[in-house]
Amino acid sequence: EAQVTQNPRYLITVTGKKLTVTCSQNMNHEYMSWYRQDPGLGLRQIYYSMNVEVTDKGDVPEGYKVSRKEKRNFPLILESPSPNQTSLYFCASSDRERNGYTFGSGTRLTVV
Amino acid sequence: AQSVTQLDSQVPVFEEAPVELRCNYSSSVSVYLFWYVQYPNQGLQLLLKYLSGSTLVKGINGFEAEFNKSQTSFHLRKPSVHISDTAEYFCAVSENSGYALNFGKGTSLLVTP
Numbered sequence: 001e002a003q004v005t006q007n008p009r010y011l012i013t014v015t016g017k018k019l020t021v022t023c024s025q026n027m028n029h030e031y032m033s034w035y036r037q038d039p040g041l042g043l044r045q046i047y048y049s050m051n052v053e054v055t056d057k058g059d060v061p062e063g064y065k066v067s068r069k070e071k072r073n074f075p076l077i078l079e080s081p082s083p084n085q086t087s088l089y090f091c092a093s094s095d096r097e098r099n100g101y102t103f104g105s106g107t108r109l110t111v112v
Numbered sequence: 001a002q003s004v005t006q007l008d009s010q011v012p013v014f015e016e017a018p019v020e021l022r023c024n025y026s027s028s029v030s031v032y033l034f035w036y037v038q039y040p041n042q043g044l045q046l047l048l049k050y051l052s053g054s055t056l057v058k059g060i061n062g063f064e065a066e067f068n069k070s071q072t073s074f075h076l077r078k079p080s081v082h083i084s085d086t087a088e089y090f091c092a093v094s095e096n097s098g099y100a101l102n103f104g105k106g107t108s109l110l111v112t113p
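Protein chains in written order, with the numbering used here: chain S, 1 to 112; chain P, 1 to 113.
Just so you know, these hints were derived from the structure itself, not from any lab.
Zero decoy hints are in this set.
Listed below are the simulated DMTMM-like cross-link pairs for lysine to aspartate or glutamate, each with C-alpha atoms no more than 20 Å apart in a straight line:
id, chain 1, residue 1, chain 2, residue 2
1, S, K71, S, E30
2, S, K57, P, E95
3, P, K105, S, D59
4, P, K58, P, D85
5, P, K69, P, E20
6, P, K105, S, D38
7, S, K57, S, E79
8, S, K69, S, E30
9, P, K105, P, E20
10, S, K57, S, E30
11, P, K105, P, D85
12, P, K49, S, D95
A quick note: this is a predicted structure, and the numbers were derived from the prediction, not measured.
This is chain S alone, in the form it adopts within the complex (with noise of 0.2 Å):
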C-alpha cells in the first residue's frame, strides 16, 4: 500500500529534550515536505526537500532541522523543544507529476 508513514503518533516531551519524528515514504516520490498545524492557523510548511540532499526552509522553520539521506526518508529534528512548538506535525510527499501530496496521519507533539 502506498503511504507515508510518521512515528510517533503521540509525543509528550519536556522543553529542551532533543527530539526526532521519523517520516518514510514508500512511493519513491522526489519531494517530501513537513507541516505544522494549529488552530485557526492551517497548516503551514516547515521545511521541504526536492530530492536526496537537496533541503530548504518553508514558512516556519525556526527551531527545526531535517535531512534528506535517502529518497525515502525525511526526519524532523526538534533540538532543543519550546512549548510553542506543541503542535500537529504532518509530514507529506509528491510526484513530478504534482498527482496531490500524500500526507502522513500526523504527529501530535506536547512540549511541557
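Take the given structure of chain S and dock chain P to it, following the hints.
Relative to the frame of chain S, chain P by itself:
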C-alpha cells in the same frame, strides 16, 4: 508568492442540503489547485485537484469544484451532504513551476440531522 483564502471558517448545514465551501487564491503565475479533507483525528486526504483542462473537476465522495480563472476561485460543492461529511476542508494552491503547497486556514463543515 501565492496565497489562499477560505472565506468561511465554519459552515453548518442540514443533512441532504447542498453545500458550497468557498476558496479564493492570489497568484501571478499559473497554479494547480487542490481540496483536502481532514476527518477528526486523521490526516489529510485528497478530495480533488485541478491541474489543467476542464474547469469542472469531480472528486471522491460526490464532491466537485469549479476553477474560475477570472475570479481566481476554486469553490467546492456537493449537492446533498451526509452526516459523514462532517470534517475540516482545506483548499491549497501550488504554482505549476514548483512543488510547495500553500494551504488556506480551513473550513469546518458541520452536518446535522
